[in-house]
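**Student:** Each chain is listed here by its residues.
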Amino acid sequence: MIGGPQGGGINSSAELYAKALLRGGLSVFANIELHSNIMGKHSYYRVTAAPVPIRSHVDPVHMLVALDEETLFGDAGERKHYPSHQGHLHQIATGGGVVYDADLKIPAERFERTDIRLHPVPYMEVLEQALTGIGRGGQGRKYVVMRNIVALGASIGLIGYDEELVIEVIRESFKGRKAEAAEMNAAALTAAAAYARSHFPARLERQLRPLPVEQRAQRLLIKGVQAVGIAKIKAGLGLQTYYPISPATDESVYLESKAPDFQMTVIQCEDEIASINMAVGAAHMGVRAATSTAGPGFSLMPEGLGFASITEAPGPVVFLWQRGGPSTGLPTRSEQADLQFALHPGHGDFPHIVIASGDIEEAFADSFESFNWADRYQVPVVVLLDKFLASSFWTIPPIDMSKLVVDRGALYQPTSPDTNGYRRHALTATGISPRALPGTPGGIFSTTSDEHDPQGHITEGVENRIAMMRKRMGKLDVIAREIPESFKFKLAGPKDAELTLISWGSTKGAILDALPALDGRRVNFLHVRLMKPFPAAEIGKILSAAKTTVLIEPNYTGQLGALIREQTGVQADHRVLKYDGRPFSRNEVVEGVEAVLAKNAKEWMVSHA
Amino acid sequence: MIGGPQGGGINSSAELYAKALLRGGLSVFANIELHSNIMGKHSYYRVTAAPVPIRSHVDPVHMLVALDEETLFGDAGERKHYPSHQGHLHQIATGGGVVYDADLKIPAERFERTDIRLHPVPYMEVLEQALTGIGRGGQGRKYVVMRNIVALGASIGLIGYDEELVIEVIRESFKGRKAEAAEMNAAALTAAAAYARSHFPARLERQLRPLPVEQRAQRLLIKGVQAVGIAKIKAGLGLQTYYPISPATDESVYLESKAPDFQMTVIQCEDEIASINMAVGAAHMGVRAATSTAGPGFSLMPEGLGFASITEAPGPVVFLWQRGGPSTGLPTRSEQADLQFALHPGHGDFPHIVIASGDIEEAFADSFESFNWADRYQVPVVVLLDKFLASSFWTIPPIDMSKLVVDRGALYQPTSPDTNGYRRHALTATGISPRALPGTPGGIFSTTSDEHDPQGHITEGVENRIAMMRKRMGKLDVIAREIPESFKFKLAGPKDAELTLISWGSTKGAILDALPALDGRRVNFLHVRLMKPFPAAEIGKILSAAKTTVLIEPNYTGQLGALIREQTGVQADHRVLKYDGRPFSRNEVVEGVEAVLAKNAKEWMVSHA
Amino acid sequence: MPDAVADAPRKFTLQDYKTDVHVDWCPGCGDFGILSSIQQALLQLQIPPYKIAMISGIGCSGKTPHYIDTYGLHTLHGRALPVATGVKLANHELTVVAVGGDGDGYGIGAGYFLNTGRRNLDFTYIVFNNGVYGLTKGQASPTLRKGLKTKSMPEASIQEGINPIAVALGAGYTWIGRGYALDVKTLVPLITQAIRHKGTAFLDVYQTCPVYNDIRTKEWYAGEDIGRPRLRRLDSEADWDPVVKDPDDPDEIVAKKVRALQASYETADRLAVGLFYKVELPTYDDQLAAKVPALKDHPLVDLPVFQRDVTPLFKELE
Amino acid sequence: MPDAVADAPRKFTLQDYKTDVHVDWCPGCGDFGILSSIQQALLQLQIPPYKIAMISGIGCSGKTPHYIDTYGLHTLHGRALPVATGVKLANHELTVVAVGGDGDGYGIGAGYFLNTGRRNLDFTYIVFNNGVYGLTKGQASPTLRKGLKTKSMPEASIQEGINPIAVALGAGYTWIGRGYALDVKTLVPLITQAIRHKGTAFLDVYQTCPVYNDIRTKEWYAGEDIGRPRLRRLDSEADWDPVVKDPDDPDEIVAKKVRALQASYETADRLAVGLFYKVELPTYDDQLAAKVPALKDHPLVDLPVFQRDVTPLFKELE
Ligand SMILES: Cc1ncc(C[n+]2csc(CCOP(=O)(O)OP(=O)(O)O)c2C)c(N)n1
Ligand SMILES: Cc1ncc(C[n+]2csc(CCOP(=O)(O)OP(=O)(O)O)c2C)c(N)n1
Ligand code: SF4
Ligand code: SF4
Ligand SMILES: [Mg+2]
Ligand SMILES: [Mg+2]
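Top line first, the protein sequences correspond to chains A, B, C and D. The first sequence begins at 1 in the working numbering and counts up one residue at a time. The second sequence begins at 1 in the working numbering and counts up one residue at a time. The third sequence begins at 1 in the working numbering and counts up one residue at a time. The fourth sequence begins at 1 in the working numbering and counts up one residue at a time.
Same shape as in the complex, but just chain A (with noise of 0.2 Å):
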């Protein structure tokens, strides 16, 4: 783990780092904690890795770089009566090691703490002797900013990985203008190592080794945000609209960066009420138009939902990145807790899709299909992620893309350019409706938020209203119907278990890292994803005839509980709960599971740091 003040370099060092750690063949994973705050307040990475496949983070430290002295013992001295945090020292592991700033001058016995290594680097003098040693002999100040490198450097050296790889990363990520910086950095990184070598000559007990090459698979380090964009520019998005929110801003910049290579158009809007709403004229123009954001952008959205939905606009898609909430909440936190306003964004009974991804797998897969439902249907579709999955790192293999198709649902082939043959809105079987695209002569319509018959003009006559509200509404039984059960839900573990774990999004890759531990019982995990329509009869049969079930979520209400009790009356038996806008580690999934059962308690909460 890597702690300092935001804006001191926190973010470069732990990926580069990781990248390094990934072109050792081992599985990475990364994940960072800020402050809705541009520069000074505290924030830090996690960076986890193995040999073996790993999809969550655990909350035991086995090597601290400290950036500054709050990464050690907190704020509390900022303002007395409420402090933000007490520091990562506490966090570490029996046998770990702390690197710090040997500047700061802090005598041992403020740690504390005898069962760790202390390494107390001097970073700016450490740095000096790096620059000399490329002829930049006291530029140290002018390059302060490179602290970061050195402690990074010096944990290299304890935990003795290999710093070629690191250099090999640095050098990609300093081109052209830019490869004097990475010799620099390389520089600073090799010096800092070797200080740290030379000593502190005892060797850390937990030392990370890179694979042998052979035993290096190929694979990516991939961020949700990249993995959704991705997956949308596969699928022929041509509109993105946004406005500036995190965590959702990042998944914007990232299509806007590729824009103008895949021929899109990204647009910030003035605010999110703009964003949907130009999302459902392009999705009527038939454009593939998609609008992301977070819950305070999303509490914009029902009038815009509800219009897509009753004029069956094909579309838009709706990304929404979860974060702390409720209000202007925890802005750069991360939380479950916007499933049932998502089930039900707006007044009156309209048909949407709502579908919660797991992990990047997941998410790719979900925002490439939506893109098909939205047109297939004729309905807005929400996908559901969260910051959690947005901003941390995740090894996965390549993706396979040779079985995705694209879907553009029925369209409207004109017979004659006679306009009075058409209906936008027909009573078909299913309740879907060819739609002519705009621009194409004998397809004329024109629909509206207010009832309408097939024409699309407005009736309030009653027979046409039950009519529209059946055809509408029907679609939802089709769509049940068609989804694919693998998208609807996954069962891990033995269907035979005694313990069942039930959840939904991002909490996915903990829980799964947790089953080994949960030792000895026969658990599964029921990880539910298609929320609206909801798999109510399978998941329904699972559910039943489960023995011990555990919700497991990141909310305070459990939402996911309150939706399957709703569609199945079935209750869980425990629900582990966590609402301190951090995401669920290893090690809180098992110790919330443990709990429950121990104390055979309705209710548990889990939080750590």
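Errors might be hidden in some of the hints.
Said to hold, decoys possible - Calculated lysine to any residue pairs in the SDA-like style (CA-CA distance at most 20 Å, straight line): (1) B:Lys41 / C:His22; (2) C:Lys51 / C:Leu303; (3) A:Lys41 / D:Pro154; (4) D:Lys146 / C:Ile253; (5) C:Lys245 / C:Glu280; (6) B:Lys41 / B:Gly9; (7) A:Lys175 / A:Glu69; (8) B:Lys258 / C:Ala156; (9) C:Lys146 / D:Ala289; (10) B:Lys142 / B:Ala181; (11) B:Lys471 / A:Asn11; (12) B:Lys532 / B:Arg481; (13) A:Lys258 / D:Pro154; (14) B:Lys602 / A:Lys41; (15) A:Lys532 / A:Leu476; (16) D:Lys315 / B:Val253; (17) B:Lys258 / D:Leu303; (18) A:Lys175 / C:Glu318; (19) B:Lys175 / D:Glu316; (20) B:Lys258 / C:Leu303; (21) C:Lys146 / D:Asp286; (22) B:Lys488 / B:Arg565; (23) D:Lys291 / C:Gly147; (24) D:Lys146 / D:Ala156; (25) D:Lys315 / B:Val462; (26) D:Lys149 / C:Val292; (27) C:Lys151 / B:Val145; (28) D:Lys51 / D:Thr13; (29) D:Lys315 / B:Gly25; (30) A:Lys41 / B:Val462; (31) A:Lys41 / D:His22; (32) B:Lys258 / D:Gln287; (33) B:Lys258 / D:Glu316; (34) D:Lys51 / B:Gln413.
Rather than coming from a laboratory, the hints here were simulated on the basis of the structure.
Keeping the supplied structure of chain A fixed, place chains B, C and D with the ligands upon it in accordance with the hints.
**Tutor:** Relative to the frame of chain A, chains B, C and D with the ligands by itself:
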């Protein structure tokens, strides 16, 4: 029933008539159906009366008064493809009668009904006569609008009601400068009644007579918007914000007309986002603030509701007058389909109260108490109402206000002007923190929509986050404990019924009136009112004890049914739904219940007219 | 029909721009004048109906698209502009005309009115300015002046009406005009110019609402009380020159905007109609095409975007 | 502190307007200048802290109320004005100051910026105009001019920036000014005037964002590249007279508005700061008091409104 083009005067004649019936000691129920259009489209008004209390309408019509031809035969002509209605001729009960304009020269065969009485009345001719009678000969064209009074007069003559009572009401409603108009209308009414009696001597089977004077109890004829408006005035409403939208506007217009007398501020905002946020700002200042809207406006309020809730504002109270959805939908029609949205009106988990009133008395009580709850628990409150309740006239005895008390909740009394002592969001046992009224020395606080510490300042600390989530959400338990059961639900009829009907909101009246007609069966009726926090234990107990349950809702998905199952696990055996944008009539309730039971169907849809 | 139409090529007839939908506005409503002016303008321009998209908000005015036989989206209250923007971005080959009421555009839609002006996408926005919220029964709209009370208002308005022309100037609209619903002869050419203009054209149209606005009536505009018409036609003034000659000359732009602002203020008995301001600047469409050259020849909806090759994107992540 | 303060009565000290909350803006952020200017203005006016309500939107700028020891509501993104309006309506004895960013006020909040100008409630609105969305990492804000690209933007903006002063003139604000965050000496008096003004005062403040706006830097405003300051002080111009003498004279109003508009347009090397326009018109508060006389002497929150006698209302329904 009186029908005709919008702007044609059916409202005034129907309302004059209803008032006259009330004065005659009868119990009256009057409801209107109209188009979202200003002039010309078809509208009709039902006036139902009986010597015994009634709170609903029935579909069969005993006297149809037609101001135009469309009222009889519908508009199938207007746009070939999709007629908006079939006219009301077919709704006339056998033995019933119809009054229409003889000048329409409709051949008797065209009525295709030999079982009803036809009363062609030459509206203009009668009007001319009447005007001549008061020295205004030849001015008929000028007063053509009075044809509605002529039609009314004729029907009064035919049903044999006391026209003096009508004239009394006419005189009251045309006062001062309008006195002249009163006399003209009175003359027209008398002339028409006389014409009817002389030309159609054969009396109608169904005659309507006033009760003997001594039997006429003191009663009111009141609409939902009036009941709510008066309750808010009584409760101490300070600021009402609104943006025009049917069916909510009438409530604000009512308050606006009373504002000067009662020292209130009623402000028309630029949109509903402004409406809710102005109200939140005012609530924080200590003023009792409310906003009134319909579904489309409420779809713009999630953001403001979350803001009010996380900042623990004492309110506002949001009056949500439901209408036909989704989206713009059916602006002037009735539906109860905003419940699920009102329960989850924003992202994240936050506390608020949702209560749905079933009739005038409940609307009055809920409107009054909501302000106490908002102040006491510092949460926003949503009162669910609908178009049917808003615009229908109900007959009620005077409301007992002797037990109404105002509760402002815990207020902070500064002990010293030293501001640092005060914690606006102090952590207390109940989760409720005494609030200071801005302007008070020593009460200074600031608060924010970001997660905050007890002082209201931003902090992202984990311990504080957990404490604040528990504080806010914990208030829901306190609320559930403290709100009296009488506000939670009502169980009408025998505890040990063999059939239990379940419903909510304004459908209450039709169901209560229908109970006697569900002949033979031992039936009771559970009317649910407090939706959040939901009285799960009590409702669960009642329903698990129930033998056969029938859920009755005017929406497509059975939204209360979903809530009940989510909260109690109990699913109703049968569902009677109606989603044609019209309220349940008494006979539709009977028909629906008989049908699901007879066919043992899971679901049955009813729709008359 | 003005003569202009007679001379126009007869390919499409007025009938081609009309639907069989019953028009449910009140008798004598000014909306009829605007509706027929739009239809006549489209006729004069001979734009194929299937190449037109009419986008409206909610209100009496919002019903317009149902009466014009082109593609139409009758959207949400106050959202006509964002939807129209999405429509144009998706298919810039369509002639897009957004219409809506003054409450729709300057009240709930004010934020979009302002921000749409900044983009200069090539479409037209026509506001039916009747001073009231018609469809909700006559409350004051944002253009109603302070102190005025229309018949269905309990009391006179205590907030000032906005000056839409002034706001449009501040927002950056590149074509700004005003018309009068009952003067079809001058309204038709204004609409044709607005549609022809490359960039976002904003046209505010004074519209009578005989049912609720009993102040600005037909007679009031005609100035029957003051013996002369209240409407002053800008183009009838010799020295009126609202068109910026050199878009790169900030001084000319400011000068023309300042004159437009001056002309836009209403006095009790003088209201200006006509073209207030026009400047030719690169449209948003042009600038998008500069980033994605394919957009020069094809609308976004026609680009070959499906199953794009994303392998290079994955490569970046190894 | 400017001398003015020294002369002011010493009842409340600067400390009284400060909290112990850690200010988490970036080093060198222009917001520091605005914060201390507001505190100094309040000090000069000697308004008791408990009689002040600071209302803010969301953004770096939105954090301001936490740093000023008065009542404060740090609301939602773009909603500072509606909340401030509700606050003032509820208690007009409070001095209400709304603050927010340029994205907050002119982007998502544009509709409220426009419609608030129409009411003329007696409060002050200060916009921190830094040309970027600071807290979301530097995207273009609505004031960023077309063609400009700040460092965290992938490409230059292709939409025009709005002219807030011009929009404010169209919206009807009765006091319109502009300041510069790093010129506290002139900013303080502008803020005191704005707060003293009876009616809605709108003050746009050019603010440097050293982290994301690398175009309009401290040096740029100082005009280091052109050898003279870019900022032009209106009050330093002899013939500058932005105050309307006769509010009943429409011609003077229009003339003054037109001059204000003229002065408001920025050129590459000239930006005006100071008071652009001021007129004394009846406030919304005054007009409400005309309807409810009790409001003359008491704020709404103090009126005896509970358990009103509603029997007459029921009588009407018998
Ligand atoms: C979000 C929302 N709020 C309120 C309404 C109700 N509503 C319908 S039309 C309208 C205003 C109509 O006035 P205007 O926009 O001027 O159009 P006009 O009817 O005058 O042509 C309103 C407030 C709505 N449909 N949606
Ligand atoms: C509804 C909503 N959308 C988006 C955001 C995310 N957001 C937070 S601050 C901000 C903009 C900040 O820019 P500005 O208003 O100019 O303030 P500054 O940070 O520059 O002072 C945005 C878009 C939000 N909080 N709420
Ligand atoms: S209400 Fe007014 S604007 Fe609406 S249709 Fe009638 S006359 Fe026209
Ligand atoms: S990002 Fe810019 S505006 Fe925000 S605090 Fe930093 S310098 Fe100031
Ligand atoms: Mg209007
Ligand atoms: Mg900004």
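**Student:** All the hints need checking, so say for each whether the structure fits it.
**Tutor:** For each hint, the structure was consulted:
{"no.": "1", "hint": "B:Lys41 / C:His22", "verdict": "holds, 10 Å"}
{"no.": "2", "hint": "C:Lys51 / C:Leu303", "verdict": "holds, 18 Å"}
{"no.": "3", "hint": "A:Lys41 / D:Pro154", "verdict": "violated, 26 Å"}
{"no.": "4", "hint": "D:Lys146 / C:Ile253", "verdict": "holds, 16 Å"}
{"no.": "5", "hint": "C:Lys245 / C:Glu280", "verdict": "holds, 9 Å"}
{"no.": "6", "hint": "B:Lys41 / B:Gly9", "verdict": "holds, 13 Å"}
{"no.": "7", "hint": "A:Lys175 / A:Glu69", "verdict": "violated, 33 Å"}
{"no.": "8", "hint": "B:Lys258 / C:Ala156", "verdict": "holds, 15 Å"}
{"no.": "9", "hint": "C:Lys146 / D:Ala289", "verdict": "holds, 16 Å"}
{"no.": "10", "hint": "B:Lys142 / B:Ala181", "verdict": "holds, 12 Å"}
{"no.": "11", "hint": "B:Lys471 / A:Asn11", "verdict": "violated, 35 Å"}
{"no.": "12", "hint": "B:Lys532 / B:Arg481", "verdict": "holds, 12 Å"}
{"no.": "13", "hint": "A:Lys258 / D:Pro154", "verdict": "holds, 10 Å"}
{"no.": "14", "hint": "B:Lys602 / A:Lys41", "verdict": "violated, 58 Å"}
{"no.": "15", "hint": "A:Lys532 / A:Leu476", "verdict": "holds, 8 Å"}
{"no.": "16", "hint": "D:Lys315 / B:Val253", "verdict": "holds, 19 Å"}
{"no.": "17", "hint": "B:Lys258 / D:Leu303", "verdict": "holds, 16 Å"}
{"no.": "18", "hint": "A:Lys175 / C:Glu318", "verdict": "holds, 17 Å"}
{"no.": "19", "hint": "B:Lys175 / D:Glu316", "verdict": "holds, 14 Å"}
{"no.": "20", "hint": "B:Lys258 / C:Leu303", "verdict": "violated, 60 Å"}
{"no.": "21", "hint": "C:Lys146 / D:Asp286", "verdict": "holds, 14 Å"}
{"no.": "22", "hint": "B:Lys488 / B:Arg565", "verdict": "holds, 17 Å"}
{"no.": "23", "hint": "D:Lys291 / C:Gly147", "verdict": "holds, 13 Å"}
{"no.": "24", "hint": "D:Lys146 / D:Ala156", "verdict": "holds, 7 Å"}
{"no.": "25", "hint": "D:Lys315 / B:Val462", "verdict": "violated, 57 Å"}
{"no.": "26", "hint": "D:Lys149 / C:Val292", "verdict": "holds, 18 Å"}
{"no.": "27", "hint": "C:Lys151 / B:Val145", "verdict": "holds, 19 Å"}
{"no.": "28", "hint": "D:Lys51 / D:Thr13", "verdict": "holds, 15 Å"}
{"no.": "29", "hint": "D:Lys315 / B:Gly25", "verdict": "holds, 16 Å"}
{"no.": "30", "hint": "A:Lys41 / B:Val462", "verdict": "holds, 15 Å"}
{"no.": "31", "hint": "A:Lys41 / D:His22", "verdict": "holds, 10 Å"}
{"no.": "32", "hint": "B:Lys258 / D:Gln287", "verdict": "holds, 17 Å"}
{"no.": "33", "hint": "B:Lys258 / D:Glu316", "verdict": "holds, 12 Å"}
{"no.": "34", "hint": "D:Lys51 / B:Gln413", "verdict": "holds, 16 Å"}
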